[in-house]
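Protein chains: 6
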Amino acid sequence: MFKPLFKRLLPQTTASAHCDLPCGVYDPAQARIEAESVKAICEKYQANEDPEFRTRALIIKEQRSNLVKEHLWVLWTDYFKPPHFEKYPQLHTLVNEATKLAGASGAKGSADPKVAEELLAKIDQIAEIFWETKKA
Amino acid sequence: MFKPLFKRLLPQTTASAHCDLPCGVYDPAQARIEAESVKAICEKYQANEDPEFRTRALIIKEQRSNLVKEHLWVLWTDYFKPPHFEKYPQLHTLVNEATKLAGASGAKGSADPKVAEELLAKIDQIAEIFWETKKA
Amino acid sequence: MFKPLFKRLLPQTTASAHCDLPCGVYDPAQARIEAESVKAICEKYQANEDPEFRTRALIIKEQRSNLVKEHLWVLWTDYFKPPHFEKYPQLHTLVNEATKLAGASGAKGSADPKVAEELLAKIDQIAEIFWETKKA
Amino acid sequence: MFKPLFKRLLPQTTASAHCDLPCGVYDPAQARIEAESVKAICEKYQANEDPEFRTRALIIKEQRSNLVKEHLWVLWTDYFKPPHFEKYPQLHTLVNEATKLAGASGAKGSADPKVAEELLAKIDQIAEIFWETKKA
Amino acid sequence: MFKPLFKRLLPQTTASAHCDLPCGVYDPAQARIEAESVKAICEKYQANEDPEFRTRALIIKEQRSNLVKEHLWVLWTDYFKPPHFEKYPQLHTLVNEATKLAGASGAKGSADPKVAEELLAKIDQIAEIFWETKKA
Amino acid sequence: MFKPLFKRLLPQTTASAHCDLPCGVYDPAQARIEAESVKAICEKYQANEDPEFRTRALIIKEQRSNLVKEHLWVLWTDYFKPPHFEKYPQLHTLVNEATKLAGASGAKGSADPKVAEELLAKIDQIAEIFWETKKA
Ligand code: NI
Ligand code: NI
Ligand code: NI
Ligand code: NI
Ligand code: NI
Ligand code: NI
Numbered sequence: 000m001f002k003p004l005f006k007r008l009l010p011q012t013t014a015s016a017h018c019d020l021p022c023g024v025y026d027p028a029q030a031r032i033e034a035e036s037v038k039a040i041c042e043k044y045q046a047n048e049d050p051e052f053r054t055r056a057l058i059i060k061e062q063r064s065n066l067v068k069e070h071l072w073v074l075w076t077d078y079f080k081p082p083h084f085e086k087y088p089q090l091h092t093l094v095n096e097a098t099k100l101a102g103a104s105g106a107k108g109s110a111d112p113k114v115a116e117e118l119l120a121k122i123d124q125i126a127e128i129f130w131e132t133k134k135a
Numbered sequence: 000m001f002k003p004l005f006k007r008l009l010p011q012t013t014a015s016a017h018c019d020l021p022c023g024v025y026d027p028a029q030a031r032i033e034a035e036s037v038k039a040i041c042e043k044y045q046a047n048e049d050p051e052f053r054t055r056a057l058i059i060k061e062q063r064s065n066l067v068k069e070h071l072w073v074l075w076t077d078y079f080k081p082p083h084f085e086k087y088p089q090l091h092t093l094v095n096e097a098t099k100l101a102g103a104s105g106a107k108g109s110a111d112p113k114v115a116e117e118l119l120a121k122i123d124q125i126a127e128i129f130w131e132t133k134k135a
Numbered sequence: 000m001f002k003p004l005f006k007r008l009l010p011q012t013t014a015s016a017h018c019d020l021p022c023g024v025y026d027p028a029q030a031r032i033e034a035e036s037v038k039a040i041c042e043k044y045q046a047n048e049d050p051e052f053r054t055r056a057l058i059i060k061e062q063r064s065n066l067v068k069e070h071l072w073v074l075w076t077d078y079f080k081p082p083h084f085e086k087y088p089q090l091h092t093l094v095n096e097a098t099k100l101a102g103a104s105g106a107k108g109s110a111d112p113k114v115a116e117e118l119l120a121k122i123d124q125i126a127e128i129f130w131e132t133k134k135a
Numbered sequence: 000m001f002k003p004l005f006k007r008l009l010p011q012t013t014a015s016a017h018c019d020l021p022c023g024v025y026d027p028a029q030a031r032i033e034a035e036s037v038k039a040i041c042e043k044y045q046a047n048e049d050p051e052f053r054t055r056a057l058i059i060k061e062q063r064s065n066l067v068k069e070h071l072w073v074l075w076t077d078y079f080k081p082p083h084f085e086k087y088p089q090l091h092t093l094v095n096e097a098t099k100l101a102g103a104s105g106a107k108g109s110a111d112p113k114v115a116e117e118l119l120a121k122i123d124q125i126a127e128i129f130w131e132t133k134k135a
Numbered sequence: 000m001f002k003p004l005f006k007r008l009l010p011q012t013t014a015s016a017h018c019d020l021p022c023g024v025y026d027p028a029q030a031r032i033e034a035e036s037v038k039a040i041c042e043k044y045q046a047n048e049d050p051e052f053r054t055r056a057l058i059i060k061e062q063r064s065n066l067v068k069e070h071l072w073v074l075w076t077d078y079f080k081p082p083h084f085e086k087y088p089q090l091h092t093l094v095n096e097a098t099k100l101a102g103a104s105g106a107k108g109s110a111d112p113k114v115a116e117e118l119l120a121k122i123d124q125i126a127e128i129f130w131e132t133k134k135a
Numbered sequence: 000m001f002k003p004l005f006k007r008l009l010p011q012t013t014a015s016a017h018c019d020l021p022c023g024v025y026d027p028a029q030a031r032i033e034a035e036s037v038k039a040i041c042e043k044y045q046a047n048e049d050p051e052f053r054t055r056a057l058i059i060k061e062q063r064s065n066l067v068k069e070h071l072w073v074l075w076t077d078y079f080k081p082p083h084f085e086k087y088p089q090l091h092t093l094v095n096e097a098t099k100l101a102g103a104s105g106a107k108g109s110a111d112p113k114v115a116e117e118l119l120a121k122i123d124q125i126a127e128i129f130w131e132t133k134k135a
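Protein chains in written order, with numbering that gives the first Met the number 0: chain L, 0 to 135; chain V, 0 to 135; chain P, 0 to 135; chain Y, 0 to 135; chain X, 0 to 135; chain Z, 0 to 135.
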């Protein structure tokens with residue numbers, strides 16, 4: 000996915016969080032970080048047939064997938080406001096699909112790296128909208 | 000085991016959960032239970048000026064409000080499916096508003112029982128739709 | 000908001016919680032909800048031989064069984080008072096057996112739905128006493 | 000590795016845990032450790048009127064008191080068996096009182112070090128029975 | 000602190016995590032994100048004298064500061080290897096000081112934004128070493 | 000309450016904790032307790048080929064190993080001060096190695112009781128230094 004230069008310079012200078020004080024800073028990178036981890040876990044799972052390793056991989060993938068869901072839920076409820084949903088009518092569906100892709104019907108229920116890649120692509124779509132709203 | 004009629008109409012006949020195996024059972028009562036707690040905490044907060052009690056009340060209200068958000072997010076992502084969102088076009092907005100009402104701009108940020116009542120009313124609207132979809 | 004009779008008899012009229020402020024509301028449905036989930040997980044485990052699914056089922060069953068224990072412990076310590084234990088001399092043993100049934104010697108250690116059913120029956124016995132004390 | 004006598008009598012010779020595999024080792028020291036912390040927090044709270052410090056103390060005391068409850072519940076459910084309850088008929092009441100003393104009506108609800116001391120004394124009574132059963 | 004262009008383009012393309020499978024990806028941004036939140040919380044705390052808001056701010060600052068500690072500990076134990084500690088003899092002290100600055104003697108114990116800024120500067124020093132080791 | 004000499008030398012006289020208020024008490028026994036549990040889990044794992052039991056053992060070993068890491072990190076950051084690191088120049092490396100031994104390259108990644116024993120030996124070395132600093 001293409002990103003304008005402005006976007007590629009951002010994250011580290013705008014590191015952000017999601018504490019619902021609110022502290023006022025948010026960043027879709029938090030969800031993406033965990034989704035990258037999920038993808039790497041799937042790849043290691045496919046490459047290693049040791050049953051102890053595979054069980055550990057599934058335990059940890061379950062946790063990381065859940066973190067993806069939580070980070071996305073925080074963006075949906077705490078960051079995005081009514082005007083955003085008005086301007087981006089697909090936003091509700093997008094976040095709903097992304098969180099489903101991080102759950103039982105997606106990255107939790109599958110150890111296929113391709114499912115994790117679909118999840119990453121969805122998160123990128125949300126991030127695209129997020130950064131547009133930050134510039135606005 | 001015999002149960003008197005009164006008892007048989009109570010929670011245990013509709014008990015449900017949300018583990019994303021998924022186990023297949025869900026119930027908006029889980030969100031409502033925590034929201035009832037939030038309301039009771041607000042009432043006790045208003046009736047008690049002891050600073051230690053008030054600090055404890057705020058600590059616990061923060062936790063319970065967060066549980067409301069989590070239970071609602073689970074319904075939105077794990078229980079509700081595309082056909083539900085099609086049939087109830089207000090559903091996305093409803094859940095989004097309910098989770099906002101459980102957060103900083105609602106029950107987390109306020110110790111007014113009326114805010115907790117608004118939250119409860121929103122949860123009831125979601126529950127109404129939920130039970131309709133279960134009957135369908 | 001109007002509610003049909005069927006709806007008004009459901010969970011939301013008895014919603015309760017357990018925060019140890021205390022907020023003052025408790026409900027054995029919280030333990031039952033998780034035990035229902037444990038039973039459903041066992042059934043799905045028996046019906047599905049896929050090793051990834053089975054590992055996920057055991058991960059989640061461990062969590063849900065633990066929630067059963069926690070909800071019951073809260074009732075035992077935070078809701079039930081000395082007069083209750085006097086009136087119901089079997090109550091200590093009942094809760095102790097129920098929490099053991101949710102642990103290693105019960106629903107944690109077994110994936111047999113019958114064990115989960117025994118757990119549910121014990122929780123119902125506790126609930127029976129609970130609702131009697133609420134009426135008193 | 001050589002250890003001076005003083006050291007060899009210390010915790011590491013009786014270290015134990017409570018994971019409900021079960022791993023088979025338990026130790027009332029885990030509850031006592033957190034109760035000691037609760038008492039120290041109360042003492043520091045009474046000695047420091049800075050409102051920020053006091054709020055932090057209440058936040059942390061709430062967490063530590065809860066750990067006391069959890070460690071005691073684990074002993075009650077996972078370590079103690081029917082023959083123990085038969086031999087020590089006061090054991091149910093003792094653990095119930097101890098967990099209540101760690102909650103809202105005890106160390107959670109009060110910042111008085113004396114309440115924490117009562118809690119410690121109750122834990123010692125449970126520990127006394129625990130160590131007797133280990134010798135048996 | 001000056002950062003070479005290469006560094007400023009990084010994070011979003013190298014999003015990473017810390018699950019100890021290990022998945023193999025790490026990023027000091029995770030610690031920085033929470034430290035930014037801590038700083039923002041301190042600023043809002045100083046600007047708002049409402050006691051309910053201030054209590055909430057302290058509750059949340061405690062949590063966020065702890066996340067900073069956890070993310071740094073993960074880097075210290077899971078990412079950095081003996082050759083790194085050999086090449087950067089100050090690294091142990093640096094991470095130790097940073098985690099102390101996130102604790103009681105730093106950001107937990109103080110609501111002064113300047114303390115959070117010192118924490119951020121320390122994290123940047125760790126990040127500088129981190130990115131050097133990634134290039135090596 | 001009277002206690003036999005044997006009992007009075009046991010854990011309760013050295014009970015300690017780690018809450019970062021700070022309450023001021025710490026004890027390496029907390030890390031050792033969880034490491035003992037890890038070792039017992041490994042032994043039971045090797046002695047039992049039932050796949051459900053083995054999966055449960057790996058789930059719980061993952062949790063207990065993580066607790067070891069957390070307890071050691073707390074000692075390293077919250078208890079040990081610059082003069083300690085000056086007096087014991089090996090201390091940084093020792094704690095770093097111990098936490099690595101509790102992670103993926105040690106007790107998390109292996110179900111061999113010998114790995115848990117190595118971890119226990121490392122913890123004992125840290126405890127030795129800890130108790131020396133307490134006497135100083
Ligand atoms: Ni925030
Ligand atoms: Ni479920
Ligand atoms: Ni409550
Ligand atoms: Ni155990
Ligand atoms: Ni990882
Ligand atoms: Ni402490």
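Don't read these hints as lab results, they were simulated from the structure. Heads up, some of the hints might be wrong.
Same chains, same names: a pair is fine if it fits in one copy or spans any two.
Stated by the list, open to error - Quick list of in silico lysine-lysine cross-link-like pairs, DSS-like style, CA-CA up to 25 Å:
{"hint": "1", "residue 1": "99", "residue 2": "80"}
{"hint": "2", "residue 1": "86", "residue 2": "113"}
{"hint": "3", "residue 1": "134", "residue 2": "86"}
{"hint": "4", "residue 1": "99", "residue 2": "113"}
{"hint": "5", "residue 1": "86", "residue 2": "99"}
{"hint": "6", "residue 1": "133", "residue 2": "86"}
{"hint": "7", "residue 1": "134", "residue 2": "113"}
Structure-based check of all given hints:
1. 99 - 80: Classified as both: same-chain Cα gap 21 Å, cross-chain 9 Å, threshold 25 Å.
2. 86 - 113: So residue 86 and residue 113 fail the 25 Å test inside a copy (31 Å) and across (31 Å) alike.
3. 134 - 86: within (14 Å within a copy, 35 Å between copies)
4. 99 - 113: within (15 Å within a copy, 31 Å between copies)
5. 86 - 99: both (23 Å within a copy, 19 Å between copies)
6. 133 - 86: within (13 Å within a copy, 32 Å between copies)
7. 134 - 113: neither (32 Å within a copy, 28 Å between copies)
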